Amino acid sequence: MNGTIRLARAELRKLFTTKAFPVSFAIAIVLAIGSVLIDAMVAGRNGAARLGTDANVYQMLKFGAITCVVMLILGILAAGSEFRHRTIIPALLATPCRSRVFAVKVAVVAVLGAAVSAVVFGLGLATIVLTLSAHGIHQLPAGSGTLYVGSVISSACFGMIGVALGTLTRNTVGAIIASVAWALFIEQVILRATAPGIEKWLPTNAAIGLTNAPGPDSLSPTVACVVLTGYAIGLLVLASRTTMRRDIA
Amino acid sequence: MSTISFHKLTKRYGPVLAVDDLSFDVPSGRVTGFLGPNGSGKTTALRILLGLAGATSGTATIAGLAYGQLHDPVRRVGAALDSNTFHPGRSAAQHLRIITTAADLPPRRVDEVLDLVGLSDVAGRKVGGFSLGMRQRLSLAGALLGRPRVLVLDEPLNGLDPDGIRWIRGLLRSQAAGGRTVLVSSHLLSEVAQTVDDVVVVSRGRFVAQATLAELTARTSVIRARTPDASRLREVLRAAGIPVRLVDHSTVEARSATADAVGLAAAAAGLPIFELSRHDEDLESLFFDLVQQNHQNQEIAA
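Same order as they appear, the protein sequences are chains A and B. So for the first sequence, the numbering used here puts the first residue at 1; every next one is plus one. So for the second sequence, the numbering used here puts the first residue at 1; every next one is plus one.
Don't read these hints as lab results, they were simulated from the structure. This one's a predicted model, so the numbers in the text were calculated from it and none came from an experiment. Idealized CB from N, CA, C, for every residue including glycine.
Label-pair restraints from in silico Cβ distances:
#1 Phe185/A with Pro88/B: 28 to 34 Å
#2 Ser23/B with Asp247/A: 20 to 26 Å
#3 Val149/A with Arg12/B: 47 to 53 Å
#4 Arg246/A with Asp260/B: 54 to 60 Å
#5 Arg255/B with Asp247/A: 41 to 47 Å
#6 Ala214/B with Ala103/A: 46 to 52 Å
#7 Pro88/B with Ala195/A: 38 to 44 Å
#8 Ile186/A with Pro88/B: 28 to 34 Å
#9 Ile177/A with Gly128/B: 19 to 25 Å
#10 Asn2/A with Pro88/B: 28 to 34 Å
#11 Gly68/B with Pro22/A: 31 to 37 Å
Quick partial rundown of chain B residues pointing at chain A, CB under 7 Å, derived from the structure:
#12 Ala53
#13 Tyr67
#14 Gly68
Next comes chain A alone, as it looks inside the complex (with noise of 0.2 Å):
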């Protein structure tokens, strides 16, 4: 115990030592707190809900995958930087449990990525809150606490996708760059058009489930949090089945 316990302050310290973690974080406050602003300025006009409106509220809630995004890339950063920089031999040098460092790592950015998750929803409601506050609403939706929640455990899954396809590419690049076109183009253009059966069940779209309000096309949360984990799981078993047993070259 004491072992994993080593291990998970290294990989903390990895993370908190390169630039990665403090810019990613300080852009998901930024983008959320702002999202939240710009919606709570275009409230009731051009068709928008009125603000305090349950939709509006429901509305300013979505920057709940804004930390999934940033989840994802530094779980791929996390993963494969350690292959593209060589950083793996050191690691591997240290403690030779290929499977022990790469379950640490897994369970350390998913940590994370709650806590990111947490620290940033939990500043984005704030904001909700004082903005209407100042407009005299005193009153949340019901769901608030509900999405608040699938925020934090989409952004886990999230970190833990990032690691596997770090691992499973070696590549930061590349994986940042396929998996954004997966999420933005191949699954909410392409198979939104060509599938719109199966799209909900999708990575990007059980997030959705998870983050925004429940709506007709989307999964309820607890069936949209047991698909993401299972994607989740799925890819980390192919990573630590496949890279983490070839030899580091």
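On the provided structure of chain A, position chain B as indicated by the hints.
Structure of chain B alone, referenced to chain A:
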């Protein structure tokens, strides 16, 4: 007692045989040079030894155990395989602190090894701005963190300037003087000749030779004797078991023998000696000859 042992180690990458039935032992408390031309399988063998690559067959062990089976491996084996295993955005101290954290080493070791390798002044600088020599030193610092009894270094002198080479030689000698076992690979014998006690030569993934440096040096040493009857001196030396060849009617060359032994044998036979001198061949030439001879043997066998 041997600390590091390779036994019938074979590594195949598809049709390419990178390491072919390699067997040799590295004795403890000595510096052993692991020599071979580029692409001769040295790095592959070391990666298998350190658990970074799997063997197709055979074993590579440290104190009888595979690297992955060692308890606290960083405290037992220090390895520097590459001068490019650093995140360029981290400082030298941060890189080492990650290792001390993972390996449960005291944090003060970071400052101690940075001081030892002469990088204290740049401990806080990002590794991305380091020269090759500084990276080699940092790589060695990582290997020394756990005060290991065994050091495995892959081409640590590569790309270093003469100052850096002299520094690493001194460091390796001091490590050996402290009773540590050092296995250091190189593609140039002359590079490590001033540092190693023993030499293992490999070529095309196969074992070629193992000897102490003194034995190897003796093989390169020739005693030339000038006498009025060279043919008779040749017979006398042969009878004494000394390998000898006739150079001309008045000169013979004896191998693997001292000048004293040649002089005494001639005196016992009543042969006058006009001149007795020692000539040393270049060690690198001998290394090249060994490798070439191995290539020819392989081609004949094929």
